[in-house]
Structure formats: structure tokens, C-alpha cells
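Taken in order, these protein sequences are the chains called E and A.
Residue numbers for the first sequence follow this note's numbering, beginning at 3 and rising by one.
Residue numbers for the second sequence follow this note's numbering, beginning at -5 and rising by one.
If you are wondering where the hints come from, they were derived from the structure by calculation, not from laboratory data.
Careful, some of the hints might be misleading.
Think about it this way: if two alpha-carbon atoms lie no more than 20 Å apart in a straight line, the pair counts; the simulated EDC-like pairs of lysine to aspartate or glutamate are [stated by the list, open to error]:
hint: 1; chain 1: E; residue 1: 127; chain 2: E; residue 2: 61
hint: 2; chain 1: E; residue 1: 241; chain 2: E; residue 2: 258
hint: 3; chain 1: E; residue 1: 228; chain 2: A; residue 2: 61
hint: 4; chain 1: E; residue 1: 103; chain 2: E; residue 2: 149
hint: 5; chain 1: E; residue 1: 216; chain 2: A; residue 2: 131
hint: 6; chain 1: E; residue 1: 147; chain 2: E; residue 2: 227
Single-letter residue listing:
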Amino acid sequence: MNHGPLIFLGVFFALTLSWFGLVFEPQLQLGNAQPTTNLVNAAQLYPQMRPGQARQGLDVYRSLGCAACHSQQIGQTGRTYDVTLTDPGTNRAEVIAALLKVRPRATATEAEKLVAGPMPQAILKDVAHVAATNAMAKLEPTGAKAEVKIIPTGPDIARGWGKRRSVAEDFLFDQPVMLGSQRIGPDLADVGSRLPVANWHLLHLYNPQIVVSKSVMPPYRFLFEKRKIGREPSPDALKLAGNFATEPGCEIVPTDEARQLVAYLLSLRADTVIFETPMTVATANVSTNTPAATNAPAAQTTNSVVK
Amino acid sequence: MIATSSSAHTVSPEPGSGPVAPPADIDASCRVPVMVLLACAAVWLVVASVFGLIASLKFHAPNLLADCPWLTYGRVQPAQMNALIYGFAAQAALGIALWMIARLGRTLLVQPGYIVVGALLWNVGVKLGVFGILIGDTTGYEWLEMPGYASPILFAAYAIIGIPALLTFHHRREPMLYVSQWFLLAALFWFPWIYSTANLLLIFFPVRGVLQAVVDWWYVNNLSQIWLGFIGLAAIFYFLPKLTARPLYSNYLAILAFWALALSGGWGGIHSGAPVPAWMPSLSTVFTVLTAIPLIAITINLNRTFTGAMAKLKKSLPLKFVVFGAVAYLLAGALAIVSAFPQFSQITHFTLFTPARTQLFLYGFFATTMFGAIYHVVPLLIQNEWPSARLARAHFALATLGLVFYVGSLSVGGILQGLALNDPEVPFAGALNRALVCFRVGTLGDLLMAAGNVCLASNLGWLLVRCCRACCVPAIMAAVKPQMAEAAR
């Protein structure tokens, strides 16, 4: 029995199959991906290229192997929907009748109170998509105005690590993409909007225990320069106090690498509403001083796909 | 070396014809190249253990070596993995594979001189790569961290080793192919394909966005499940029947496992919830679950082959290693299938459960199987017994105990950590602390495994020194004596 060529062909076939499936086909699907329309601010495309300093920071992040402990992917297990009445309109009686159908357990007086009260009023909370759509279908013919709010759910989002799941678009311009496979430290996909203060990050890098008392993250003192205070203290010097203060006459100044890394961390945001991740953003997201002020939405907006 | 290579040319190119080479001659033709590969592998194993211990200790004392950028956790940890995979695992795999190809083909190893050159070049590449990781030139892709100036060297070195391996296979005198040869042939082809694909698409002509992550997952899964998996299985299918002196229970079952694994094994590794189109994790899950078929076939086959050979287990140390490796393979495969389900990976992904699974596969299955092979093959190659049976026994005890400690504590810790991470009421620090308690037990495991690795390396070093002394000293004396006599005259 001489199966040499047969084995070779079979193996070739098997490998080609997995190569086509997981290398070639994804390339066909995503290889030419372009920035998509940002649904909140339709004039702006998403994602934007990271600004220069943040791009350099990506290299620092790669070089120090930060991804060994930090993931950059927020998981989402599902969505819930809130229905809010924004304007009862003029036909109160019908609105109340519709409300009673939407919320069978509510009494007539409760419904009256809802309609009479100051707008907006929450009608349904944490319901499934079907329930929200039904409610809208019943309320809208009455002339009342209501809104559906889409809320992504999941442990990561409940933890405050992000507002929605990470999607392929978020990483379009990164090289390398470091999704990470460990959460020895918290997820960083949305750290730029979660912790938007540069100084916090500098202190945290210099000695994590200054800002997180029980942190197991190693200090990155080699990203800082310790030097004698000259004629005037440097405006960039870290403000260290108590146990963490350096010896008198000296100051700790961040190096370029530390600044770049912080610029990168602040540019990590996954809060833009795009087609793939419908959600409703409640209020203006104020973080204008970050280097990568991405597409912060201005007002409550909902993705059109749900209705 | 040139003499042996020219003798290979006299071999008729038709497989299955010509006289069969006696085992002693085959071992002699393998002696230098295989020993170079195995000795270098043992050194890298110790290097990886040292890096691993440093990384592990950093969890206990984050301030440890914190002012040395070379040894920051994010560099030491990938340095350890790369030293283990490319330094130890790949070289041990190639060394044992070459010997098995020659022995199963009943033919002399072709071009041993080139293989030695390839092995040395491979070591240059790994050294450069690990150095690159430590100075911060890492590529940032898991298991492929070696910078772009090291990977072409590795590829070239692999070609220099792989081509003589294929030629040896081609020149085989034994017409019947044993299933180990199927596995070895597939593995030999698989590595250059996946390594070049991953390097080209990630480092030299990078693809965009998350595709990089997809290619990297594909590579990691193929490297571990197929390349290391196939060579490890080839060794198990070779050594288990050989050391128990029992025939393989079913050749057909083994071939079924081979094809099923070749078709389904290369698709895993993409976890549900990854920021990629949903069909990719789904496909990955389906194929990972399908690996249950080869896994069951292998379990039945090995179990039936081994039944009744319990008495042999006590006497033979290599057999102990191989059986331990086989059990670890089956366990790691079962855990991989369980972890493919989204419900389970939601809890265990991103936790210490993942490194526990990796360690169970890499060290528990692959390294342990290779240890068994090394303990069996090296005395044949060198024509000399191991200097210390006690060190070898200590190695087995330390390696298995360390692995059980490490994998046990990290999987429990990982599940606790995952349950806590999935409960938003538990603060992040609390979730990590639960895992860290277990992780500290894991460090003990690391320490034991490292000690075991030192046992192997020192035993091998001792053997080589003793051999060198036995063959080189008389030779030098013979060369020097006449001159001395002349000088005295």
C-alpha cells in the first residue's frame, strides 16, 4: 500500500478548506471594508483614523505587551427596550385606552396619571423588541408620540466597561489589532470615554496603586523621567503626594512614550452608534478635551433600524 | 556528514524497493541532527521555564523587576510562550519526527548535514525572535510575536530541515505506511503553509482591522491542534504500541481519526462574542464540536491498545510519559469542545481557564509525549544509558505533579474569576482576587515543572558530556600522542 500521494492530496484539500473558510472568505467580506456612516452624525464617517500621537501610542502599547493582560472587546448578550411617552397629543381617552392595552396590569387611574404628568413618562422598561414594537403600534394611531430606547445589555456593559458591544468597524485602521485574550486587567475598548482624564492615566502608569489601591498592574516607572527641579518646576511634572512623593528637589516628568500611550488610551472609544450596534444614546457625551474626540453624539438619538 | 549524504544518493528513488536498513544504522544516521535538535530543545525548555517563573512571580509582587523594561510582564510572557513553542516544542517535534520517519520507513536519514545546518539556523531565528520580543519589537499577535526580522530565518531553517525529512519519507523501504507516517507527513506540509500565510498576512502585507485577529486565531489553532497535535499523536501512535509491545487496536480507526481531525481541527479558536461577523465564531464552534469524532476514535483506539499492559507501565519510564501525554490530549480535547459552546466560553473566556487549557495541551500533552520519546530515543542514538535514572524519575514526578497543580488551580481559579466577571455586582478587583488565590497555587506548579525541566536538561547535558569524553578524549589523545612522542624525540 502506497498512500503517499493520496495523503498529500487529502491533507492539501483539508488545509485549503480551512484556509478558504477562515482566511480567504473573511478577507472577501471584510478586506475592503470602508468607514461606515455614523448614524448619529450622518455627516461623519466611522471610524476615524487615530490622531498621530495616539497612533504612536499604539506602538508603545504593542511594544510593552499590554494586551497580555487587557482585552479590547466588549461583549454584549442582548438588548432591552424602553418605551417612553413624549407627547400624549390631544386624544387623551384613546391614549389611555391604548396604554391599558400596552400595560394590561395598570389601572385606569394610573394611566390617567401617566398621561397627565410631565413628559416624558416611562411606559415600558426592559422589555423585548416585540413588546416595544407592539406598544408603538398601539400608541401611534392615537396621535400620541412615543419613543423606543434601545439599551445593550450584558455583564461588560453593566460593569460600565462600554456602552455597546465592540464590532469589526471599531478596529478598521489599527495595525496591529490587539483584541487580547485575558482580563487580568479591565477591558480597555472604551477606556477613553470611561476614564477621560490624561493625568489619571499618567499617575496610574507611574504607579497604579496611587489611583487603584489594590492594583496588581506593574508600575511603568521607566516611562517617566526623574530629574532635578530646574529654575522652575516642569508644568508636566506629576503631582505626587504622601507615600508616593519623590525625594525633595526632584520631579517626575512623563516621557514622550508615556504621553503617546496615554493619548492612545484616551483614543480608545467604542461608543459611536453605527448600523451594526443599534442603541440609544441618552445625553450629550461631554469629553471634548480628549485627543481623539470621536463622534460624540449631541443629543438623544435612536438608530432607525428598530422601528 | 557528506559521506552519509552521498550514501543516500545511491538509494533507489522508488519507495518500497531496495534493501531495508538495519535499525542501528538508521540510529547512526540520525545521531547528530536529532541530538542537536533535542539538546537545543532542552536548553530552550529551561529558558522558557525561567521566563515563565518570572512572569508568574510578577502576580505576587507587581514591583518585582518593574524598572527593567525588558522584563515587564507583557514581554516576559510572550517570550516564554515563544521560547516554549518555537524553541522547545518545534525542535523536539522535528527531532522526534525525523527519527520516526527514518525508523518507520526503514531507511537512513537523508542529508543529515543539512538538517544540522537547519537546526542551527532555526536556533539563530528563535534567539533573535525572543530577543526582539524582550526589546519591544513584538508584533503584538499571539504566538506570532517574533518580529519580521526573525520569522523569515525560521521559515528558511524549516525548509532546510523539512526537505530532507520529505526525501527520507520518499526513500522509505517499507512499503506499508503506518498511521504515524500519515500524521507526520501532514504535519510537515501544514507548518510552512500556515506559518507563511500568517507571516505574510500579518507582518509583511497586513490585512485590515479584525481580519488580523481572525488570521492569528486561525494560525494559533492550526499550529497547536494540527501541527503540534499531529506530531504528538504520531509519537503516541508509535510509542504506545511499541513500548507496550502490543499491536495497535485498529488501523482503520486511526485513519478515521486522522481524516476527521485534518478536516475539523483547523477551524477552531474563534470565540463567540468576538467583534467579527457572527458566522465566523459559529463555524468555529461547529467544527470544534466535530473534533469529538476523532477524539472518540483516538480514545477507543488507544484504550484498547493499552488495556492489559498495566504491568509494563510500572517498568518503563518513557511509557509513563506517553500515557500521561495521551490522557492529557484527550482531556484537553474534551475541554476544547466544552469551551467552544458560547454558554461556557461566556464564563471562561478572558479568564485564567484559557492559559490552563493551553498549558494542558502544550505541556501536559505535547511536551510530556516528547519527554517520553526523548527518554526512549536518546539512549538508542547515543548508544549509552541515561546517567541518572533517579533524575529521570524525578522529572516525571515533578512534571506531572506540577502540571496537575497548575492546570487544576488555574481552571478552578478561572471559573471562579469568570463567574465573578459575569456578575456586575462583584467589583473587578474582587473578581481578580478570587483568581489570584488560585493562581498562587499555580505558581507552585510552575516551580515544580521548571525543576522537572532542569532535571531533563541536566541529565541530557551529563549524558552528552560523558559521551563526548568517551569518544573525543581518546580521539584527541590518539591525535596528540604521536606528536608528543615526536616532540619528546
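Hint check results:
1. Our distance criterion of 20 Å between C-alpha atoms is broken by residue 127(E) and residue 61(E), whose separation comes to about 44 Å.
2. With a CA separation close to 18 Å, the supplied pair residue 241(E) and residue 258(E) stays within the 20 Å bound.
3. As the CA atoms of residue 228(E) and residue 61(A) are separated by approximately 13 Å, the hinted pair is consistent with the 20 Å bound.
4. Annotation: proposed proximity of residue 103(E) to residue 149(E) holds, straight-line Cα distance about 17 Å (limit 20 Å).
5. Only pairs whose Cα atoms come within 20 Å are accepted, and residue 216(E) paired with residue 131(A) is rejected, the gap being roughly 31 Å.
6. As the CA atoms of residue 147(E) and residue 227(E) are separated by approximately 59 Å, the hinted pair breaks the 20 Å bound.
Comparing the model with each numbered hint stated earlier shows that hints 1, 5, 6 do not hold.
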